[in-house]
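These are the residues of each chain, in order.
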Amino acid sequence: MIRIKCPYCGLRDHSEFNYIGDATKLRPINPELANDDEWFDYIYIRDNPRGVHQEYWQHISGCRSYVKVLRDTVTHEVLKTGLPSDDLLFSYEAEK
Amino acid sequence: MSKYSVLSLIKNAFSDNKNWERAWRDPEPKKYYDIIIIGAGGHGLASAFYLAKNHGIKNIAVLEKGYLGGGNTGRNTTIVRSNYMLDENALFYEKSLKLWEQLSHELNFNVMFSQRGVLNLANSDSQMDAITRRGNTMRLNGIDAELLDRRQVEKMIPYLDFSDTARFQIKGGLLQRRGGTARHDAVAWGFARGADQLGVDIIQNCEVTGFKTKGNNIEIVETSRGPIGCGKVGFAVAGSTGHLASKLGMKLPIESHVLQAFVSEPLKPVIDHVVTFGAGHFYISQSDKGGLVFGGDIDMYNSYAQKGNLPLIEDVVTAGLAMIPGLSRLRIVRHWGGIMDMSMDGSPIIGKSPIDNLYLNCGWCYGGFKATPGSGWVFAHTIANDAPHELNAGLNFDRFRVGRSVDENGGGPIPNRH
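First to last, the protein sequences are chains A and B.
According to this note's numbering, the stretch in the first sequence is residues 825 to 920, in order.
According to this note's numbering, the stretch in the second sequence is residues 8 to 425, in order.
Hints are computed from structural coordinates only; laboratory data are not their basis.
Nothing here was measured: the structure is a model prediction, and the numbers come from that model.
One or more hints might be untrue.
Said to hold, decoys possible - Straight-line C-alpha distance at most 25 Å; calculated BS3-like pairs for lysine-lysine:
#1 A:Lys849 - B:Lys275
#2 A:Lys849 - A:Lys904
#3 B:Lys314 - B:Lys38
#4 B:Lys38 - B:Lys10
#5 B:Lys254 - B:Lys219
#6 B:Lys178 - B:Lys221
#7 A:Lys892 - A:Lys904
#8 A:Lys849 - A:Lys892
#9 B:Lys314 - A:Lys892
#10 A:Lys849 - B:Lys60
#11 B:Lys72 - B:Lys296
#12 B:Lys72 - B:Lys178
#13 A:Lys829 - B:Lys314
#14 B:Lys18 - B:Lys37
#15 B:Lys37 - A:Lys904
#16 B:Lys72 - B:Lys275
#17 B:Lys359 - B:Lys60
#18 B:Lys221 - A:Lys892
Claimed, not checked - Examples of chain A residues toward chain B, derived with CB under 10 Å:
#19 Tyr843
#20 Gly845
#21 Asp846
#22 Pro852
#23 Glu856
#24 Leu857
#25 Trp881
#26 Ser909
#27 Asp910
#28 Phe914
#29 Ser915
#30 Glu917
Even glycine gets a Cβ: it sits at the ideal position worked out from N, Cα and C.
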């Protein structure tokens with residue numbers, strides 16, 4: 825079980841959450857001006873990192889809010905969590 | 008290298024089975040190869056085999072970071088079928104199924120291909136409509152499909168829950184009799200032996216650590232056993248595709264996810280076919296050793312760990328018990344995880360990449376095993392001719408950019424939903 829700290833509800837099992845996905849993708853700010861390449865990048869392309877991944881989980885069995893999570897995709901360890909608007913920064917080097 | 012036959016069996020039996028030759032060599036990497044395939048799983052080995060066999064190319068290496076067949080090839084539920092609806096998938100997987108039917112002879116290696124039939128259950132009227140449409144589409148493409156009603160399903164597999172109180176009533180099913188299972192390890196071993204006999208160097212314990220490029224070409228593949236020069240490079244690394252692509256600064260329409268599979272304690276023969284559930288995601292068959300082999304959904308979150316989590320196991324088992332209540336006292340003896348390269352439309356990517364001499368074979372989602380021979384066949388063609396085979400022309404990398412995605416279940420660009 826992965827344990828995720830929801831900013832509103834505290835530490836909960838990941839089975840209470842729905843996985844939304846990559847939190848780094850931003851919809852083109854001005855959709856009418858965005859070209860095909862920008863849409864292609866937003867809709868289809870993923871960094872898919874082996875290591876720290878920034879992602880959204882939705883606390884569907886709790887407060888139903890989105891939670892931004894930094895999680896290691898190799899160990900499944902949750903490194904940091906916060907509100908969707910938070911800038912979560914983490915590096916293994918800085919933690920040492 | 009000698010051919011396996013009844014005679015060789017008898018001969019080696021008399022010498023106490025001590026004089027069997029190695030099935031493949033363990034060569035040191037050369038300085039340069041015309042073609043380097045990365046990943047000695049089923050797909051990589053099949054690609055090398057058909058490159059040598061169909062296209063007469065001799066100077067080929069297959070690089071493997073661990074041991075051959077140790078990734079997803081050894082971690083799947085061994086199901087082989089071609090019951091797809093969209094042409095791009097249907098014709099490709101049907102070619103693969105035809106290759107399966109001849110594979111043991113072709114390789115002189117028993118891959119234990121067993122055409123026991125694959126039955127997809129329908130648990131609602133709308134699912135009956137959907138499988139009727141899929142079955143008709145398959146038959147128009149020359150692929151075998153039979154629609155069964157509830158009574159026919161009950162006659163064929165009476166151990167399902169046919170009671171009036173069943174939560175998910177069985178309405179019928181779509182049967183592909185030519186589908187079935189194969190011995191997964193034997194497929195890797197057979198292709199490895201076949202490729203080795205044709206002069207392919209299979210280099211294990213050789214992890215790719217980086218690339219040296221010149222212009223838009225890869226010149227040198229850096230490995231844990233030293234740099235190796237190359238003419239062309241093919242990726243056949245499934246869940247590690249994104250990781251390897253990142254070493255070239257390349258991003259792909261793929262996410263890596265973990266899929267778990269399970270084996271029960273061995274039983275006497277009870278499940279004679281491959282059966283899939285309609286009301287939930289669950290598929291089951293019985294191995295020759297007697298264990299029930301089954302699986303369900305991926306864990307749903309991005310992962311490169313070859314291990315999954317308990318909530319998903321509970322989900323899979325719940326679906327299994329809803330389908331076959333008689334499994335309730337069965338014990339699971341093993342479970343494991345493999346890393347799936349989940350593409351954005353649920354279909355694979357086999358073709359050219361943004362780099363001139365790099366070819367991609369990835370995006371297999373749940374279903375790479377059944378594609379093994381077909382994937383090798385068309386990937387070899389694509390690499391040898393620098394152009395796709397007609398069967399993988401629609402499965403190219405550019406389809407996403409131009410809006411021609413091959414989305415079999417209409418799930419949209421959400422990789423964990425395929």
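Status of each hint after checking the structure:
1. A:Lys849 - B:Lys275: 51 Å, violated
2. A:Lys849 - A:Lys904: Holds, because 19 Å separates the two Cα atoms, which is no more than 25 Å.
3. B:Lys314 - B:Lys38: With Cα atoms ~36 Å apart, lysine 314 of chain B and lysine 38 of chain B exceed 25 Å; violated.
4. B:Lys38 - B:Lys10: Roughly 31 Å between the alpha carbons, so the hint for lysine 38 of chain B and lysine 10 of chain B is violated.
5. B:Lys254 - B:Lys219: Roughly 10 Å separates the two Cα atoms, so the pair holds.
6. B:Lys178 - B:Lys221: Cα-Cα ~59 Å, so violated.
7. A:Lys892 - A:Lys904: 8 Å, holds
8. A:Lys849 - A:Lys892: 13 Å, holds
9. B:Lys314 - A:Lys892: 23 Å, holds
10. A:Lys849 - B:Lys60: This hinted pair is violated, its Cα atoms lying about 44 Å apart.
11. B:Lys72 - B:Lys296: 30 Å, violated
12. B:Lys72 - B:Lys178: 47 Å, violated
13. A:Lys829 - B:Lys314: Distance of about 22 Å is within 25 Å: holds.
14. B:Lys18 - B:Lys37: 35 Å, violated
15. B:Lys37 - A:Lys904: Not OK: lysine 37 of chain B and lysine 904 of chain A at ~46 Å, beyond 25 Å, violated.
16. B:Lys72 - B:Lys275: Violated: lysine 72 of chain B and lysine 275 of chain B sit about 38 Å apart, past 25 Å.
17. B:Lys359 - B:Lys60: Given that 25 Å is the threshold and the Cα spacing comes to 21 Å, the pair holds.
18. B:Lys221 - A:Lys892: The given pair, whose Cα atoms are some 39 Å apart, is violated under the 25 Å limit.
19. Tyr843: This hint holds: tyrosine 843 of chain A lies near chain B, its Cβ roughly 5 Å from the closest one there, short of 10 Å.
20. Gly845: Because about 7 Å separates glycine 845 of chain A from the closest Cβ in chain B, which is inside the 10 Å limit, the hint holds.
21. Asp846: With a minimum Cβ separation of about 8 Å from chain B (threshold 10 Å), the hint on aspartate 846 of chain A holds.
22. Pro852: 15 Å, violated
23. Glu856: Not OK, violated: glutamate 856 of chain A not within 10 Å of chain B, min 18 Å.
24. Leu857: This interface hint is violated because 18 Å lies over the 10 Å limit.
25. Trp881: Check passed: Cβ of tryptophan 881 of chain A comes within 8 Å of chain B, closer than 10 Å.
26. Ser909: With a minimum Cβ separation of about 22 Å from chain B (threshold 10 Å), the hint on serine 909 of chain A is violated.
27. Asp910: 19 Å, violated
28. Phe914: 16 Å, violated
29. Ser915: 17 Å, violated
30. Glu917: Violated. Min distance 18 Å.
This entry does not satisfy hints 1, 3, 4, 6, 10, 11, 12, 14, 15, 16, 18, 22, 23, 24, 26, 27, 28, 29 and 30, going by the numbered hints stated previously.
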